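Chains as they are written, first to last, in the working numbering: chain A, 249 to 772; chain B, 8 to 218.
Keep in mind the hints are simulated off the structure, nothing from the lab.
Note that the structure is predicted; figures quoted are calculated from it, not measured.
Treat the hints with care, as some may be off.
Said to hold, decoys possible - Here are the computed lysine-lysine pairs in the DSS-like style, where the Cα-Cα straight-line distance is at most 30 Å:
| # | chain 1 | residue 1 | chain 2 | residue 2 |
| --- | --- | --- | --- | --- |
| 1 | A | K300 | B | K58 |
| 2 | A | K412 | A | K617 |
| 3 | A | K461 | B | K58 |
| 4 | A | K303 | B | K96 |
| 5 | A | K704 | A | K691 |
| 6 | A | K460 | B | K72 |
| 7 | A | K662 | A | K674 |
| 8 | B | K72 | B | K96 |
| 9 | B | K96 | A | K456 |
Claimed, not checked - What follows is a list of derived Cβ distance ranges for each label pair:
| # | chain 1 | residue 1 | chain 2 | residue 2 | range |
| --- | --- | --- | --- | --- | --- |
| 10 | A | D440 | B | G102 | 33 to 43 Å |
| 11 | B | P29 | A | E446 | 43 to 53 Å |
| 12 | B | S80 | A | G546 | 24 to 34 Å |
| 13 | A | G393 | B | H87 | 38 to 48 Å |
| 14 | A | P587 | B | S9 | 18 to 28 Å |
| 15 | B | A122 | A | E646 | 34 to 44 Å |
| 16 | A | Y569 | B | S167 | 47 to 57 Å |
Ideal placement from N, C-alpha and C gives every residue a C-beta, glycine not left out.
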Amino acid sequence: MSNTFLGMPSLPVFGRGNLNATEPFPQAAHRELANTQLRANLGHATHTIRYKRLKVVAELPDWEQMRDAGSAIKDATMANLPAMLEQFEANFTARGGIIHWARDAQEANEIVTALIQETGETEVVKVKSMATQEIGLNEYLEDQGIAAYETDLAELIVQLDHDKPSHILVPAIHKNRSQVREIFLREMPAVDPNLTDEPARLAEAARKHLRKKFLSAKVAISGANFGLADTGTLTVVESEGNGRMCLTLPETLITVMGIEKLLPSWSDLEVFMQLLPRSSTGERMNPYTSLWTGVTEGDGPQNVHLVMLDNGRTAALADEYGRTALNCIRCSACMNVCPVYERTGGHAYGSTYPGPIGAILSPLMTGIKSEENNSLPYASSLCGACFDACPVKINIPEILVHLRGEDVDSQRAKVKVPSQMDFMMKGAEWAFSSGAKLNLLEKGLPLGKLAAGRDKVIKKLPGIAGGWTQSRDIPAPPSQSFRQWWAKEHKPSTAVVPGNAVPGHAGPGNTAGHGTENSEGEQA
Amino acid sequence: MSAREDIMARIASALHDAPETPVVPREYRRSSNMSAEQRLEQLVDRLQDYKANVFVTPAEEASAKLAELLAGSTSIVVPHGLPQDWLSKLTDDAGMPAIEVDSPERRLTVAELDALDAVVTAAATAVSETGTIMLDGSADQGRRIISLVPDRHIVLLRASDIVEVLPEAIARLEATRPQTWISGPSATSDIELERVEGVHGPRTLDVIILT
Ligand code: SF4
Numbered sequence: 249m250s251n252t253f254l255g256m257p258s259l260p261v262f263g264r265g266n267l268n269a270t271e272p273f274p275q276a277a278h279r280e281l282a283n284t285q286l287r288a289n290l291g292h293a294t295h296t297i298r299y300k301r302l303k304v305v306a307e308l309p310d311w312e313q314m315r316d317a318g319s320a321i322k323d324a325t326m327a328n329l330p331a332m333l334e335q336f337e338a339n340f341t342a343r344g345g346i347i348h349w350a351r352d353a354q355e356a357n358e359i360v361t362a363l364i365q366e367t368g369e370t371e372v373v374k375v376k377s378m379a380t381q382e383i384g385l386n387e388y389l390e391d392q393g394i395a396a397y398e399t400d401l402a403e404l405i406v407q408l409d410h411d412k413p414s415h416i417l418v419p420a421i422h423k424n425r426s427q428v429r430e431i432f433l434r435e436m437p438a439v440d441p442n443l444t445d446e447p448a449r450l451a452e453a454a455r456k457h458l459r460k461k462f463l464s465a466k467v468a469i470s471g472a473n474f475g476l477a478d479t480g481t482l483t484v485v486e487s488e489g490n491g492r493m494c495l496t497l498p499e500t501l502i503t504v505m506g507i508e509k510l511l512p513s514w515s516d517l518e519v520f521m522q523l524l525p526r527s528s529t530g531e532r533m534n535p536y537t538s539l540w541t542g543v544t545e546g547d548g549p550q551n552v553h554l555v556m557l558d559n560g561r562t563a564a565l566a567d568e569y570g571r572t573a574l575n576c577i578r579c580s581a582c583m584n585v586c587p588v589y590e591r592t593g594g595h596a597y598g599s600t601y602p603g604p605i606g607a608i609l610s611p612l613m614t615g616i617k618s619e620e621n622n623s624l625p626y627a628s629s630l631c632g633a634c635f636d637a638c639p640v641k642i643n644i645p646e647i648l649v650h651l652r653g654e655d656v657d658s659q660r661a662k663v664k665v666p667s668q669m670d671f672m673m674k675g676a677e678w679a680f681s682s683g684a685k686l687n688l689l690e691k692g693l694p695l696g697k698l699a700a701g702r703d704k705v706i707k708k709l710p711g712i713a714g715g716w717t718q719s720r721d722i723p724a725p726p727s728q729s730f731r732q733w734w735a736k737e738h739k740p741s742t743a744v745v746p747g748n749a750v751p752g753h754a755g756p757g758n759t760a761g762h763g764t765e766n767s768e769g770e771q772a
Numbered sequence: 008m009s010a011r012e013d014i015m016a017r018i019a020s021a022l023h024d025a026p027e028t029p030v031v032p033r034e035y036r037r038s039s040n041m042s043a044e045q046r047l048e049q050l051v052d053r054l055q056d057y058k059a060n061v062f063v064t065p066a067e068e069a070s071a072k073l074a075e076l077l078a079g080s081t082s083i084v085v086p087h088g089l090p091q092d093w094l095s096k097l098t099d100d101a102g103m104p105a106i107e108v109d110s111p112e113r114r115l116t117v118a119e120l121d122a123l124d125a126v127v128t129a130a131a132t133a134v135s136e137t138g139t140i141m142l143d144g145s146a147d148q149g150r151r152i153i154s155l156v157p158d159r160h161i162v163l164l165r166a167s168d169i170v171e172v173l174p175e176a177i178a179r180l181e182a183t184r185p186q187t188w189i190s191g192p193s194a195t196s197d198i199e200l201e202r203v204e205g206v207h208g209p210r211t212l213d214v215i216i217l218t
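Isolated chain A (complex conformation) (with noise of 0.2 Å):
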């Protein structure tokens, strides 16, 4: 088929699965805060990584060069991604690899069921992968009677104890590791009894447990950390050795990886391979990267399948605003040196990707219009330090604005009943339209004094204003304000010399809260 694009661009198709949160941000936020643990393990955790990070990053004289070279590397996977897709499914394919493709979660669960049902097994081990958790893929399976063993330790953790991950690189991030041997002790079967809190002995008990599994596992699935199109390889990037045991030992490999995923060369991977490990864990390389290519006679699985999936990149790519958050390596840089994030923790944002990332692909990928991320873009305080750590540059600020954006106007297409918010703005309008409506207004300002009483403090707005006294005070206005201050000190007699203009005072015939209608000009 031809990918020439001749009519009329069709609406975007939203993804499904978890990327929905189940009730809205601020009410999911508030709860989490109260989990004082929760905040104390997430504090520590979020600090430690920040410090490595920036540890290794300083330690690259061409860490900057490094973060252009890999923001325009994706920037030209996307803008020519069906001829990357061709390309990379060409040589995939020539080397015995099968390539399934998965318009949305539902769709990629049933291809990865049948492929297991072929195999006859119901027993599948699993390397953490962010794309099956976000398409629900163990939940699914579950359902058809096979059980998937997730092998990465924090995913292990996350499983055992029926909870959901919390963050996209260390899923348990918010447990300690009392709670962790807990756990263990509650739900490993001969776990020895004595076992200490010690990450090390942990660790020991985690390979225990999963050993057997690994050896006479017959099934694996995978995600991929990038696909390499002029070569047809798939990479995955890990440190326990439970992706090399997926990768290596069983029969038969499926791995799920969302379209976005490839880069155009293999040279390209010098630049995400230095970019990832330090920006994630904060080590100059992680333990173990796997590549492969196809099938390889003798080493490795010999039924080797992919699946591609959509379920709402198109979506997202086709938001020219957005779409560079699809440029994600899923670093999870962003979500340490989140304020926010280190207080609500991962769980507050509902979906498969949290912090920064999740707050604008999310809604990217789900349409701003579902209801339940319509509040993800304003879970930020938009201070910007998500964008400075991020390896591939992508201004999440800027997007998080944008999407603020659509929502307000989503929403007004919504309302057909004008809302708080629009009485609020109208008589701003008015309010701020002339010098002189402000001044009629200003004059109400001891009223304000009045309303904060003794205590000189407002402790309660009423209607949606209610929302920012929930948590702060406000104090009491002033009795005059600016402008009238300067209008008192400021009589004509004493006006600036027209040509000797200070700053803010735009010049002759603009004599500042003098009830003219001149606006220009006007800083007061």
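Assemble the complex: chain A is given as a structure, and chain B with the ligand must be docked to it using the hints.
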């Protein structure tokens, strides 16, 4: 329409504004300006940082070093293309471990590999800046499975195969070979982001650098 056609059409539609393809600036370091000694020193430092055991040994003493490290082991596996002279001390001397050779004619099973003490392989190349050793499945490195299942991995690396930066290694490697890049023994940082060595991959990594 097939799913593939559907997705391709969605992409074409999404790119209706025909975004331009930027020229990729490659201003980062793509070659080394370190001497061979500096690269060796840097690699040793990085590997030790990962808690690997590192030995710098003259090439002619490879076999003696290997025999020393394997004293006390009962059985090991080697890929069929491992240089014979590296093993000479192991085969000649009594009290040395039994050597299983994994070859296309006789591939060891998972259970057999799991019963062995160690694996000895060569390496394709190594990056000193990141402390990374690359295996590419050549005859002296063997199938991926043999360097994975045994709990101890001994790598013999020729000092002349050490490069400084990753781009140099990428230029030397062939993408389509099955590869494993190794930076230290298996490790995890999943509990409170504290790195601990030794999970599912080999828990001991010994690197003999041959000068
Ligand atoms: S947005 Fe950037 S910093 Fe955040 S996970 Fe993705 S690549 Fe990393």
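Worksheet entry | Violated hints, by number in ascending order, as checked against the structure | 4, 6, 9, 14 and 15
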